[in-house]
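K.L.:
Sequence:
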Amino acid sequence: MIAAKIFEQTLGDFLAPIEPFLADARVSEVMINRFDRIYIERGGQLERTPATFGSEHALVAAIKNVAQFVGRLVDAERPILDARLPDGSRVAVMLPPAARAGACMSIRRFPKDRLTVERLLEIGALTPACASFLRACVVGKRNVVVAGGTGSGKTSMLNALSSFVPEGERILVLEDSSELQLQQEHAVYMESIPPDARGRGAVTIRDLLRASLRMRPDRIVVGECRGGEALDLIQAMTSGHGGSLSTVHATYPHDTVQRLETLSLMSDVALPLSALRQQVASAIDLIVQTGRYNDGSRRITHVAECRGLTEGGQYALEMLYVFEQDGHDPATGRVRGTLRCTGVRPSFADDLIARGLPLDPEMA
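Numbered according to this note's numbering, the sequence shown spans residues 4 to 367.
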């Protein structure tokens, strides 16, 4: 414990030029484009700061210290690093020659107080009716994918939705860089491992996912699908592991299912497109779409149900909730709008009712 504390303090010394931003709860991202060009996102708005590292060497030394903290290597031969800081902030690094103007680093910060459903209700990112419906879907073991663009709040939303998982269930959490902190006691956290300098010892999300299926999971939570592991997750969802949760980069619900399809094609399993599409359509029950608006706010923009495929072989999606924007507040500049129930009745509504779970009264 003492050694870890000393290491954390040493890392803080290396990152001293940006320490004020790491201590500012309003700062959600620190973007170091090069040692003397540092931007931050504060309150959803980008700002250039006067902060600088003393030199390129000082920045690279800080980066190597971050890599050492997580037991990984970063150099000219391995110029890309995904890591985390002791406080859980996510770090993405790129070194020359991949970074043409010099070493760069982005630090995604997460609030010390995890975003809860109650907080989402306070800031208007969610309505009580939608929150109640999403709770019913999670408790009722619907497979849910949270989708959105970069910085749209996918991970925070996944963390909030995971709070609905009943306490008595065993949850396996799989991530590239550990970010999720579930409230439940019976949660097992797993993290991928990059290869060493000789290309050995790598443990991928796919490896973790396959291993997790032999560990009696009630729920599988994959922090983010980025590659061929999407196919393993989809197959797990369709083989008795209901209630799985994950995130994916996509802008709209239709893009989400197509993105999962594309990621699945990156696996080493050759499947006809029609068969793969059928599996994706069968696996995903619900898509919770998040978005970031120009006032810096992040909110749910759509909740969509995947109802299999159309006769033409396309994904059949039904919008259950849609955020309807109604301009901006002239006093604050904040986006105005309402997350409205469309009135469409989910195909699994009877199953939820049979389990004693509530359905939004506005659903037909």
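The reader is advised that the hints may include incorrect statements.
[Unchecked claim] Derived Cβ-Cβ restraints for the label pairs, each shown as a range: (1) 14 - 285: 42 to 50 Å; (2) 359 - 331: 37 to 45 Å; (3) 275 - 343: 35 to 43 Å; (4) 104 - 347: 43 to 51 Å; (5) 219 - 109: 44 to 52 Å.
No lab work stands behind these hints: they were computed from the structure.
All values derive from a computational prediction rather than experimental measurement.
In this text, a Cβ means the ideal position worked out from N, Cα and C, and glycines have one as well.
K.L.:
Taking the hints in turn, state whether each one holds.
P.N.:
Status of the hints after comparison with the structure:
1. Range check, residue 14 to residue 285: about 46 Å between beta-carbon atoms, so the 42 to 50 Å window is met.
2. Take residue 359 and residue 331: their Cβ atoms lie about 41 Å apart, and the range 37 to 45 Å holds.
3. Roughly 39 Å separates the CB atoms of residue 275 and residue 343, a value that falls within the hinted 35 to 43 Å.
4. The supplied range of 43 to 51 Å is met by residue 104 and residue 347, whose beta-carbon atoms lie about 49 Å from each other.
5. Between residue 219 and residue 109 the beta carbons are some 37 Å apart, a value that contradicts the proposed interval 44 to 52 Å.
The earlier numbered hint that this structure contradicts is number 5, and it is the only one.
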